[in-house]
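Generate the whole structure from the sequences, applying the supplied hints.
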Amino acid sequence: MKILLSIFSLLPALILFIPLLSNNILLGGEGLFTINYSAFFNKFFSFWFTDGFGHPNVLFNFIGVPHIIFLILEKLNFSYKVINSIYVFILFLLPFISFFLLSYQLTKKKITSLVVSSLYCFNTLSISYLASLNITNSSSLSTLPLLLFIYVKYYNSKYLYLLFGFFTLLFSYSFYNPPTFIAIFFSIILFIPFNFYLINKKMIFIDIFKDITKLTFIIFLFNIWWIFPTILSLNEASALMSSDFAISWEASTHKYKNQLLLNILFLDHFKYLSSISIFNNFLLIKFFYLFFLFFLIKNLNYKSIKFIYLIFMILLSIFFMKGTMPPFGIIYDALLKYIPFFWVMKSPIEKFSIPFIFYFSLLILFFINERKEHILNNKILLLFICIFISLPYIIFKDNLFLNSFNQKDITFNSKRYLSLNNSHISMIDFINSREINGRILILPQNLNYQSMIKLDEKNNVFTGLSFISESTNATFLRLDHQIYKGFSKNVFESDNILDQTFFNMFAIEYVLVNMDTVNWFGFVDYINLEGLNNFQEVYSAGNLTLFKVNKSNSRISIPNGHVINLNNVK
Amino acid sequence: MLLKNNFFYYLIIFFFNLNVSYAEYIKNFDKVYEIFKKDLTDDVLILLNSKHKNFNEEQGILINNQLYKKGSDFIYHDLKINEKKIFNTLYYLDVSNLNSFDHDYLPINFSESYNPHWSLIELNDNFDINNLNLIRHFINYFKMKFRMNSEYIYLPNQSYISNNFSNIFLINNTGINERSFLIYYKKGFVIQIFWICLILLSPLIIYFSIYLNKTKK
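Keeping their order, the protein sequence lines are chains G and V.
Take the first sequence: its position 88, counting from 1, is numbered 88 in this note's numbering, and each next residue is one higher.
Take the second sequence: its position 178, counting from 1, is numbered 1178 in this note's numbering, and each next residue is one higher.
Relax, there's no trap hidden among the hints.
Covered stretches of chain G (in silico footprint by chain V; criterion: 3 or more residues with CB under 8 Å from a CB of chain V, positions within the stretch not fixed):
(1) 49-60
(2) 159-166
(3) 502-510
(4) 542-556
Heads up, simulated EDC-like pairs for lysine to aspartate or glutamate below, C-alpha to C-alpha not over 20 Å straight-line:
(5) V:K1080 with G:E435
(6) V:K1085 with G:D51
(7) V:K1085 with G:E470
(8) G:K153 with G:D211
(9) V:K1085 with G:E435
Think of the hints as simulated: they come from the structure by calculation, not from any bench.
Ideal Cβ positions, reconstructed from N, Cα and C, are used throughout, including at glycine.
Below you can see the structure in the form of structure tokens.
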């Protein structure tokens, strides 16, 4: 039985790796958009990002240890496949390992820890969160249990705060997103009273307060290298978003309100890929899970402070996850409107799901760890959890991250495991081989920063931030850069966009026409540049063509036309 | 005690003042664009006048409280510009044939989002750009800032928003035929100084983090 449980718990991890054994790589979403880490560092390892029109770096922990490892491996000529596999390990397996370390430290039971770790990492909610493939944001799922493992293991050591601080430094990249950092920070702080109770079997509030103060101080001390510059950039960062926008964004997440509580019960309240949406739609899976939940609710020791605290934490997380939705939404609404900077928590359902799944997993861990086996063997209960978690992985296999879209009666299949098109690689290599000082305008212009790029004749597509533009050293201009800058859209439509004045203003040296782009969120226009005098074709690969703008300014110029009354400057 | 308080006060003010930065939003871009598109076919410069009182407001065009200035002087020149990106925060350019440029001011347009922290530095004649790296730049910039013997020359200049988007530096035309410059995002220097201070203080941070739990074994 132990072997069966171990295999079942590790099965999702194994299935996540299997597609990489063939010609596929993991790529897509908002997080994994580069196949060239030198280009990535060229753009983002700086106080100034050259992306689009260029903007100051306001979050200094954007690049972390994993990115540095990837760059070193790339410089050492390791293939992208190796780098990609390490990416998969850090993204998907580290949360599993971290939670296992914490739960084993707390219970000293291997199999229980293994199964609950599988639940923590591979449940519908977590895998949906990880499916964005964002190693900075999503690594918070591994950072939380790992930091708490350090805290629990070295609680009585004089090196506790040094080690804790060092690990926060090591994982500072996972604090890149401020609201995620806030959610993680409070999850850590709220674990301290719980840990204190586990050790001392009582709550001494003065001592708990001291521990919280020390830990808070250490987190800020070891992370001041990015917190301080970020605070100094607050006005810049807040210029990126208004509180009105945040409030309307929060309201847009209410699409989940139908049956939200029921969804939370099945851990599938946060899902956006069509495959993951139907993860729990199998009766067999539902049956085992419902049985387990029924057993949990019926047999939980409601008199134990430990369980009361964990239930309180879960309810608190649900309260915040629901945001401005009824019945208590008015409180969250007031927080958004009147608490300074609280508007950063504009996606509560996503951010507060991390403490929710963490404390929910802890509840199950302690429930199984402490229950007396007079009715049902614990291993049977663990098997039920395993079935609930692992069966969808067996069913979906390499279609785990599948999303289907219909455009004009054509179905496009977006997968995270994909095989790249040679013409795309060859265009990336060509652009990187040239020294381009100006910008490259990408056409057709999408109405979103994400694009859908056709990879083959079977209509398999890449969806996410374009890996073509993001894998080159050159600076690309997309429509969302212009929208961000507050330009009116009509300036960039058809004939306007080809105006020489516009090209010179923004130092557009090249235009890349990518006819593999699929109209996903909508286009501004398709423009055919062939035959136009001002554009000279310099390279073509498959459906991609690169044009040089004949009379373009470079990034630095001395105006040749019209300068405003210079004499007035005196 | 007072001295100590003042020291930290000035330290915070120092870093704050040097760091406050912003991404300039572009308002009424399309309106201004349309106006200039009608008049000019080549390069267009629009100087945002809202923050600089040197311009005469009466001669400007006022659009929703954003003042844009349009003049009528044409400058003809035959300058040769050589540019090179060194880092995202550091660009090199040299300009030759400046003898042909018979104006008091030399306008250098840098097509990157306007930010007040972009600055222009002039280079010594014998400066070898091929040997420029991050450390050499930092040392030279540090020396220039603290008026030590640097390969960089402080260059008085005025910077504005041009094209309603990019940075324009106006410098004195000294009549020298060839000049070379660096365009530098100077906020990076302040943060580098801050990080160096942190690294120097790291033994203290380590000691303090052990001291916090010293009662434990």
